[in-house]
Amino acid sequence: MKRCRHMVDVGRRQFLRGAGLATAGAAVATALPSQPQAAPSLARVDYPSTRLANVKDLKVNEPFEVAYPDADAPGVLLKLGKRVEGGAGPDGDIVGFSTICPHKGFPLHYNAEDRTFNCPGHYSRFDPEAGGLQIWGQATQNLPQYTLRIDSKGDIYAEGLDELLYGRLSNVL
Amino acid sequence: MAYKRNIDRLPIIPKDAKKHIVTCHYCIVGCGYHAYTWPVNKQGGTAPSQNAFGADLSKQQESETEAWYSPSMYNIVKQNGEDVHLVIKPDKGCSVNSGLGSVRGARMAENRRSDVTGTQQQRLTDPLVWRYGTWQPTSWDDALSLVAEVTARFIDKDNEDDLFVSMFDHGGSAGGYENTWGTGKLYFHSMKVKHCRIHNRPAYNSEVHSSRDMGLDELNYAYEDYGLTDTIFLVGANPLETQTNLFLNHMVPGMRKGAKVVVVDPRRTVTINACEDAAGKENVLHLAINSGTDLALFNTLFTYIADKGWIDKEFIKNSTFQGDVAQPENEAYPAALGSFELARKACRMSVAEGAKICGVSEADIIKAAEWIAKPINGRRRKCVTAYEKGIIWGNDNYRTIGALVNIALATGNVGREGGGVCRLGGHQEGYYRPSDAHVGRPAPYVDDLIIKGKGKVHHVWACDHYKTTLNATEFKRVYNRRTNMVKEAMDAAAGGTREDLVNAIVEAVNKGGLFSVQVDIIHSQIGQAAHVILPAVESGEMNLTSMNGERRLRLTEKYMDPPGTAKPDCLIAAGIAQHLERVLRKMGKNDYADQFKGYVWKTEEDAFKDGYQKGNPEVTYERLRAMGNNGVQEPVVGYKDGKLIGTKRLYADGKFTRHGRKDKKALFCAGAWRGLEAPGKKEQKAAHKFLINNGRSNINWQNWFLDQENEFVSDRYPYPFIEMNPDDMASLGIKAGDLVEVYNDSGATQAMAYPTPTAKKGETFMLFASPKGTQGNVINGGTNTLILPNYKQTWANIRKLADAPGAVAHLSFKSKEYTPPA
Ligand code: SF4
Ligand code: FES
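Chains A and B, in that order, are what the protein sequence lines are. Per the numbering used here, the first sequence starts with residue 1, numbered consecutively. Per the numbering used here, the second sequence starts with residue 1001, numbered consecutively.
These are computed hints drawn from the structure, not numbers from a lab. Any given hint might turn out to be false.
Using 20 Å as the maximum straight-line C-alpha spacing, the simulated EDC-like pairs for lysine to aspartate or glutamate come out as follows [what the hints assert, rightly or not]: (1) K1772/B x D1727/B; (2) K1735/B x D114/A; (3) K153/A x D114/A; (4) K1059/B x D114/A; (5) K1735/B x D46/A; (6) K1317/B x D1663/B.
Starting from the given sequences, assemble the full structure and let the hints guide the process.
See below:
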């Protein structure tokens, strides 16, 4: 219990300040802040195509930490070992999600046993096997999922998101 | 796939956006929010100087930031006829929620009607009258005139018993002091309508008669008491889901400071799981009693605590009735009330007996008694008791709530820090009406009278009996038949004069028909039977005042236009009164017509001034505006230095007033255990296999009528769930997501099976009040004493109806219980 509570407190103060979130294998292209006077803006934001990993890096049911669309947006890739709707790769079983809770921005942890993301903030739970559906919780959106593309070399690219990320009013800053 | 909005950016709130104070109008907690509005052709920028937060929005914001809002907190609505951007986001400065939103409140903006974004197109915009075989839009004058012309034919100065009225009595939503006064003045002042009922029960009565008769208002504490207590005692309540931010922002911090928790609930809820996380498993005791045995448990606890001497002798001596019987038992008082010793004698129950009836161990009952009352190092233990529908809509309401209040009184846990014995609540409160004494006690069982053919005109104010009453199968059958008689008569009179039409309606009614007038914000299920439908508005589309579960009174400012020509209920009531006055005069009933004077209100504030403010002269809109989202806790006792002065806790002086006794002494309740009390329950239990326990959930709660048109919510639960033990499911050949039929002698309904390993075998939990499967269909008509419905103790059989329908295929049926990191 203690450790858990401690984690929450640390989370409260520190995470989401960027830095050190991207782990090995996650080559992250950081987007520059958008310039207000730049070209006319598009109806939807322009997502970077970012290589996050290679299929060989993934082990079934072990989250692989990444960040997308920039270093300040932690997430994971997950090989589920079974085909799911929206799954990428030859087996249709690779998914990617933001791991910041869309309720108040606490970091989610993964329960490998029942394959859920859990939030220590206010007890929300999300199901990566069901498109990030909030199983129960306080968020008013389901978990933002990556649009993934896998090339012939097995490199996994993220190319979009389907919900607004917590803590930013534009998914690409 | 799970529903996704595919919104990847939102307009930024500019620095000069208008900012309104808003109390969430969905549940009792009443969380503080702000509504920001600004012209649709403008937006703020990412630079700190360009946005309302003064924050650099080109950067990722931290957790719990104020400088973020989700797509559900955004919409485009009309304000003074112009399109404006709207953001409604939680207020960090409000002591109730400290910036937390919930899965309900944080969707307030998305659940506003918008012609631009297409949300909530189900909202009614114009009065509708049954004409030519369907509902036709018409003017207010036309609709109100028809209501008055028909109603006037069936009321008389000395007898208004043929007019039946169903009217909400709550705050928040579309209720509040303005609107309860409007309807209250019409039906209890201009008229003395006796055949009335409240939105969630079939009679006009209190949910907590015994607490009030004992001298205690049911909302007597402050939310901060959860942070000042030794023990939190939760009974028949599931606050993580149904009073979410009270749980998260007040109970959890109390637990983290060391409070223990006792939960009485036949079912393991997510609340219990969260308590275990927050307090540590060893500090949470779940008494999973047999359904409906709460009274036996409380009487056992009371006996044990009294025998151990863990009582507050001083308090009992000074603040409670000394003697024997103060109020004898009779038809209006389902138990005698009186002294501590009287109650001790009547309620006596040994731990062994209690354990046997309740189906829990003796050791657990003793542990609960210790956690509730055993002094800590020689000092009195503080315990805050919170209860809700588990016992309010449970077996033997009067005695059960009385028995719970007994424990709080005996241990001196009322009016003191860390104490209180309170309802948790559903909606906010906002009741201000003339006396209802003429209704009588027990109050008439209105829904049953309608079934029996009584009543000629039915005015319905935002009540949907079809989804929320008991014996609903029969009620709907009869109501459809009786209102259809009138529809057919109206169809036959098409093309004739108004007089012909009214005569045709009167004739059909006299043959057993029922003329039904519905005031609501949407076309409800009972509204399908209506002849006239009048569109009302919600909080935010009007200024509205309410108080929350700690009596915190706030004003929600109007921040947008109502849909179409919809109006506040108080002004609709005024319109009915004015038309009745005119029609009655025309009928030559001048005396009677005079009773309908006094409704010259132009705005909701006029109604507020005419009602609440007359009784509470210190409280004005202007002062409430200045008090912001923290408002003031009622009763308001003064105004000083530009601030309203409120009352943190009731009965801090040890004087009890709710029963109106001159001696201001609290009474104990002498109510012995007597088994399942409501007629028909024992037989139903014996004849059926499953307990159909029922209630609400986090996501399907007060605002479900709106959420039936909300993609995010209806995607998660296209059908009401019924939680079932997986072994029970297997034995009936039911898989996750299958539709099942729940049936018994009273009727049948449907639900979607949700496998729940923590559910006891033979015990299920079904969502109540769903638009897609009314649980009330299988609740028999027998009520507790004083016509309190007993929804919770329902038994039925279950069979598979259909394989999981398409809308269910993508869902998750994993456990709803949060798991901590490994
Ligand atoms: S807890 Fe209740 S009042 Fe607070 S935001 Fe949720 S629904 Fe609204
Ligand atoms: S931050 Fe995740 S539930 Fe609140």
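Worksheet entry | Hints violated by the structure (numbers, ascending) | Hints 1, 3, 4 and 5 contradicted; others consistent.
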